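**Q** Put together the whole structure using the sequences plus the hints.
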Amino acid sequence: MSERNNDDYEIEELLTRMPKFTDNRSKEELHNSVKMKMDSRHTSEKRKLFGSPFSKWTPYFVSIASILLLTFLVTSFLNEDETAMENDSNDAESVNEESDSMKMVEEESSEAQESTNPYNMSEATSVAEPIIELLPLNKITSVYEDNIDGGSVFYFSFLENALTVPVTIIIPITQLEADFPNGTPNSLEMYEKYAPRIDEEGLGFTEYHPYKGYFTADEETLTHYLPMGHGYDTASGTSAPYFGSINEIFIDFDSLTILNEDGSPIDWDQVGPLNDQIVLDKNQGQFNYYNYLAFNGETYLTPNFREKYNSLSEALLALKKVENDIYTSVIPEEVTYTYKIEEGINVVEFDEPLDLESLDPFEATRLIEAFSLTAASFGAEIKLENIVQSKWDVFDFAKVLPVPLGPNGFIMTLNE
Amino acid sequence: MNDSVFHRLYDSYHQDVFQFLIYLVRNRQTAEDLVQEVYVRVIRAYSKFEGKSSEKTWLFSIAKNVAIDHFRKQTVRKKRLFESFDWETMQLSSSDMLPEDIVLLNDEMKALLVALDHCTGDQKMVIIMRYFQEFSIAETAEVLKWTEGKVKTTQHNAIKALRQRLSAKEKEGKVHHE
Chain A
0 MSERNNDDYE
10 IEELLTRMPK
20 FTDNRSKEEL
30 HNSVKMKMDS
40 RHTSEKRKLF
50 GSPFSKWTPY
60 FVSIASILLL
70 TFLVTSFLNE
80 DETAMENDSN
90 DAESVNEESD
100 SMKMVEEESS
110 EAQESTNPYN
120 MSEATSVAEP
130 IIELLPLNKI
140 TSVYEDNIDG
150 GSVFYFSFLE
160 NALTVPVTII
170 IPITQLEADF
180 PNGTPNSLEM
190 YEKYAPRIDE
200 EGLGFTEYHP
210 YKGYFTADEE
220 TLTHYLPMGH
230 GYDTASGTSA
240 PYFGSINEIF
250 IDFDSLTILN
260 EDGSPIDWDQ
270 VGPLNDQIVL
280 DKNQGQFNYY
290 NYLAFNGETY
300 LTPNFREKYN
310 SLSEALLALK
320 KVENDIYTSV
330 IPEEVTYTYK
340 IEEGINVVEF
350 DEPLDLESLD
360 PFEATRLIEA
370 FSLTAASFGA
380 EIKLENIVQS
390 KWDVFDFAKV
400 LPVPLGPNGF
410 IMTLNE
Chain B
0 MNDSVFHRLY
10 DSYHQDVFQF
20 LIYLVRNRQT
30 AEDLVQEVYV
40 RVIRAYSKFE
50 GKSSEKTWLF
60 SIAKNVAIDH
70 FRKQTVRKKR
80 LFESFDWETM
90 QLSSSDMLPE
100 DIVLLNDEMK
110 ALLVALDHCT
120 GDQKMVIIMR
130 YFQEFSIAET
140 AEVLKWTEGK
150 VKTTQHNAIK
160 ALRQRLSAKE
170 KEGKVHHE
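From first to last, the protein sequence lines are chains A and B. Under numbering that gives the first Met the number 0, think of the first position of the first sequence as 0, with each following residue one higher. Under numbering that gives the first Met the number 0, think of the first position of the second sequence as 0, with each following residue one higher.
You can trust all of the hints, since none of them are fake.
With beta-carbon atoms standing in for the labels, derived distance ranges:
id, chain 1, residue 1, chain 2, residue 2, range
1, B, D2, A, P331, 28 to 34 Å
2, A, E11, B, D10, 28 to 34 Å
3, A, S310, B, D10, 50 to 56 Å
4, A, E27, B, L104, 26 to 32 Å
Simulated from the structure, these hints should not be mistaken for lab results. Being a predicted model, the structure only gives us computed values, none of them experimental. Glycine included, C-beta positions come from ideal geometry on N, C-alpha and C.
**A** This is the structure in structure tokens:
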């Protein structure tokens, strides 16, 4: 045996001699602790889903008698299956506790006054407006037209680890009317109004927004004026989230122009002068969707490094293939499927009957939504076939899946 | 709460799970908290357990996830937000152990634990499972959702990393003595 192998043998022998550490607590003590932890989490989740939003919104309801909003909240939250309240993450508790301590801003309408230059970032951030609290809708699932109930959606993008996580935030109708009395805002107006007030770090992400510099909008073109030393072009790790988030937020603009703050053409480090307009995705980036486990312990549905596909067929079939440690497939390894177009409808048929009950409820929902989000990214609808259950939550498998407006839904509330 | 599940799992695996966690986090209080979290997750998910893997590997895969979440959260708390948290490639740095636990270790063992802290997360997991928990290659692969080949390679690399680290420390010690 070589000396090297002898060393290895000694290490292995030492490893097997390591002492056994034991938990000195009694079984009863631990049992009680686990029970208390489960009870407190259950209570906390119920409080979040039922108590807190009502207590926050009650004064607002009274003052404006918004039956629509009440209906929306009741349907959004009461439709949740009890099991859907369960979540592996400890972070749910802390978010709940934070939301419990929130106070509703009763006179938010008084803030409806706009900045003289609504597109100026520095002005927007200097206005002392209340922090926006984001409550995950239906425990992080996509947002659908039925959820909006007359309100609107604000597309936003969280960042961590140089990766973006697209999110879809529902603005209740009353909030929208109070903030934008002159009519439906575009994505830039919403960004200017809300982005500086989102506590990204509080949600476990990097504090990234609002962007440096300022924007102007000219019909379908967005122009971003950047100051010297903005840093977005420092490396691929800064460029990618910059362009990724721009695409995820400004979904109603065709293109982006980036200029120096004085209006002169900008030099993008390692690329050179950016003379051409950059075409934006407009919510149809031709992506597919994977699980992304964020630092905050929550799982979100996101594209895989924003990799685009030439066709829906290619994107759907690639859903099972992940060649990195950041993203994971929503589809269990043993589940296979084929894609076909039947009478003009995109159909994914599972090779063996797929029993959604065999999955964690959130995993099952994410699996379904990864297909519908992928289809939506191509401007298409999709139908799933050969599922044991005929219905699952809001999904009726006899029909095409509802088209999601966006992934990772949140509802906006205000915190003072 | 499903009491019978708790009692059965406790009787069968509790000290093993605790040992797995305390070696990973090297802090008794944290290990105690994490093992509670393991039971919470297990009891909640037990109705979904299909028996495709053994109960033991299923339980340890949950314990592994609880530990990884703990390290992730630590990373967030330390605000190392621009650093990637890839548990397989990063070190899962641990806290100091309590004095009453340290007395169980001789100098050689202490040096080994320090060296283990310098291994990558995947190497540390494999060492703990293979040597401290005495898991088979197949069981380790099932917990980590890897191929058996990957377990073998990682184990080989881990032993190599430990050897290099310990030799370097030994040389360092000799220089100091001289």
